[in-house]
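Engineer: Generate the whole structure from the sequences, applying the supplied hints.
Residue numbers (my numbering), protein chains in the order written: chain R, 2 to 227; chain E, 2 to 227; chain D, 2 to 227.
FYI, nobody ran anything at the bench for these hints, they're computed from the structure.
None of these values were measured; they are calculated from a predicted model.
Worth double-checking, as some hints may not be accurate.
Because identical chains share one entry, a pair is satisfied inside a single copy or across any pair of copies.
What the hints assert, rightly or not - Below, computed lysine to aspartate or glutamate pairings styled on DMTMM-like, alpha-carbon distance capped at 25 Å: (1) K226 <-> D210; (2) K131 <-> D214; (3) K22 <-> D213; (4) K7 <-> D210.
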Amino acid sequence: MANIPKNTRVGKHAVIEEGVKIGENVIIGHNTVILKGTQIGNNVEIGSNCVLGIQPGSNKRMRKISQNYNQLIIKNNTKIGNIVSIYLGTLISENVFIGDHASIRENVSVEEGTVIGRAAIVELNSRIGKNCTIQTLVYITGDTIIEDNVFIGPCVSMSNDKYMGAREYTLIGPYIKQEAKIGNNASLLPGITIGKRTIVGSGAVVTKDIGDDEVFAGVPARRMKS
Amino acid sequence: MANIPKNTRVGKHAVIEEGVKIGENVIIGHNTVILKGTQIGNNVEIGSNCVLGIQPGSNKRMRKISQNYNQLIIKNNTKIGNIVSIYLGTLISENVFIGDHASIRENVSVEEGTVIGRAAIVELNSRIGKNCTIQTLVYITGDTIIEDNVFIGPCVSMSNDKYMGAREYTLIGPYIKQEAKIGNNASLLPGITIGKRTIVGSGAVVTKDIGDDEVFAGVPARRMKS
Amino acid sequence: MANIPKNTRVGKHAVIEEGVKIGENVIIGHNTVILKGTQIGNNVEIGSNCVLGIQPGSNKRMRKISQNYNQLIIKNNTKIGNIVSIYLGTLISENVFIGDHASIRENVSVEEGTVIGRAAIVELNSRIGKNCTIQTLVYITGDTIIEDNVFIGPCVSMSNDKYMGAREYTLIGPYIKQEAKIGNNASLLPGITIGKRTIVGSGAVVTKDIGDDEVFAGVPARRMKS
Chain R
2 MANIPKNTRV GKHAVIEEGV KIGENVIIGH NTVILKGTQI GNNVEIGSNC VLGIQPGSNK
62 RMRKISQNYN QLIIKNNTKI GNIVSIYLGT LISENVFIGD HASIRENVSV EEGTVIGRAA
122 IVELNSRIGK NCTIQTLVYI TGDTIIEDNV FIGPCVSMSN DKYMGAREYT LIGPYIKQEA
182 KIGNNASLLP GITIGKRTIV GSGAVVTKDI GDDEVFAGVP ARRMKS
Chain E
2 MANIPKNTRV GKHAVIEEGV KIGENVIIGH NTVILKGTQI GNNVEIGSNC VLGIQPGSNK
62 RMRKISQNYN QLIIKNNTKI GNIVSIYLGT LISENVFIGD HASIRENVSV EEGTVIGRAA
122 IVELNSRIGK NCTIQTLVYI TGDTIIEDNV FIGPCVSMSN DKYMGAREYT LIGPYIKQEA
182 KIGNNASLLP GITIGKRTIV GSGAVVTKDI GDDEVFAGVP ARRMKS
Chain D
2 MANIPKNTRV GKHAVIEEGV KIGENVIIGH NTVILKGTQI GNNVEIGSNC VLGIQPGSNK
62 RMRKISQNYN QLIIKNNTKI GNIVSIYLGT LISENVFIGD HASIRENVSV EEGTVIGRAA
122 IVELNSRIGK NCTIQTLVYI TGDTIIEDNV FIGPCVSMSN DKYMGAREYT LIGPYIKQEA
182 KIGNNASLLP GITIGKRTIV GSGAVVTKDI GDDEVFAGVP ARRMKS
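Structural biologist: Here it is as structure tokens:
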């Protein structure tokens, strides 16, 4: 077991592997698993039945793991819900909130004050800025960049593979600029850029780049009359 | 540990906090966590690795928790799957079925005989009537009202925030009247009403109120020729 | 407890019920629950907090369980992530990869080399061929057939109930032929066929059969000009 500070509250049957670092005033739920390499700051709350510090794996048809990751860093004052999974190689900054059933993969950074919704999934190699709202069941594909103060509505879907596995291709997710707002259940295609303060309507399918300060909706997404 | 009736079957490593109430002939799976304030009726079955009776939390960018909730009530003959999370402040009525990986937040009521699908998510302050079918991966946003005998197809998405976090706004989800049927992966906008027995097609985006006995489809949803 | 070979690595607080069979060089994570009837091949890796070998259940408004299932078979060299649930009556073949938070129901077969994405859900009575890629948060409805080498993008939704619970109806999911590719967040209606090598665009709603070698997109999906 790890060296656990006296003011940590650890739930029953929690498993904390050797080498885990835990700050002051941390609360860890029941049955939660914290694997080696995880570093937890001060005043962090973690729910029950989570798995933190997962080592990436793959099979022969998936992309190779490019490197070994050996740290998951969770900074001060962050709250993590129940039944959450987070990988090694990832940084969860201060004052972040991660909802129940969410999953965050390796080589991801989530910056200060951002909310990751319930059952949202963040794939590998993605960056999420400060004070973003990523709502419930959002799918953030691999290799995505989200700047600060972005709002992504529930069930938004993204992809990063233009050829859907048919060709060799450098995977690239969407690039969403600051203060953009994406309506619920919209679909974003690989590599598209969404400009600053731009609004994308619910259920829209964004197939090409959109500039700053636009309002787009529909399938495929088109500029709305103003 | 709680006072557990003799005819309760409790799985290994289950955690049942002090003050939990459990009826007759209850089955609780392995590694399931039942937190204080949870009240379980008779003949209830609960799977493994669940977390029940969660206290709501938030960060500074989320809406304030309006009150303390101290009870989760699960009534007789209800079945709860595996890896499910349910909050305090919620009522799950009799003969309800809740699928694996589902999550239900605080101040929700799910009435008699309703099925909540696998990995479906029900946000706070929502009411779901009797004998509804809420299918897999449905997202029921906060402040939603669903009357009796409603069918919501898989992956339907809802939102409750017209301004996507940009303005102060009273959050309001959809209002879905009795016997309405919503096709899979449809998107419902904040505050819209869907009339009695109305059918919404798969993938439709419902942007305004629809009356009773209508059939709507498309993006945005329009009346279908009859 | 089951008879566990000496070279098996079993995590802390894992629950392995009597009658579970485990091959050589198996790794089982912490807090994972393996219920009776589960048979695990050689070199299988299973993450933490999973529930494997679940007995199907239902309530009075769901379809009856047609038979008793008593085996979940997981073949050699397969990897299963964390927080995964899989039912009895199902066959997971060799070299399969199943992502975290995924859920697979009874009477399903997943053939060799297929990847089932994170939080993807596979309902009952479905067949998934060899070397398929089923991406994150895909919903595979009951009674679906997917041939070999199919690519299904993230968040694709399917349904199998034309009348949405209103009438007696033989449930039938989509039939997706070999090498077809389905874009992210597309919706597939009950019983439709998608031909060999056919491509369906992101966010499309497929309402009728599509032949081989086609490219379809839009709501409803139409042939794209070539």
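Engineer: Each of the hints needs a verdict: does it hold here or not?
Structural biologist: Quick rundown of the hints versus the structure:
Proximity of K226 to D210 under the C-alpha cut-off of 25 Å is found in both arrangements, the shortest distances being 18 Å within a copy and 21 Å between copies. In this homomeric assembly, K131 and D214 come within 25 Å of each other (Cα to Cα) only inside a single copy, at 20 Å, whereas the closest approach across copies is 44 Å. Proximity of K22 and D213 under a CA criterion of 25 Å is satisfied in neither setting, with 43 Å inside one chain copy and 56 Å between copies. For the identical chains of this complex, K7 and D210 are neighbours neither inside a copy (52 Å) nor across copies (56 Å), given an alpha-carbon limit of 25 Å.
Of the numbered hints given earlier, the model fails hints 3, 4; all others are met.
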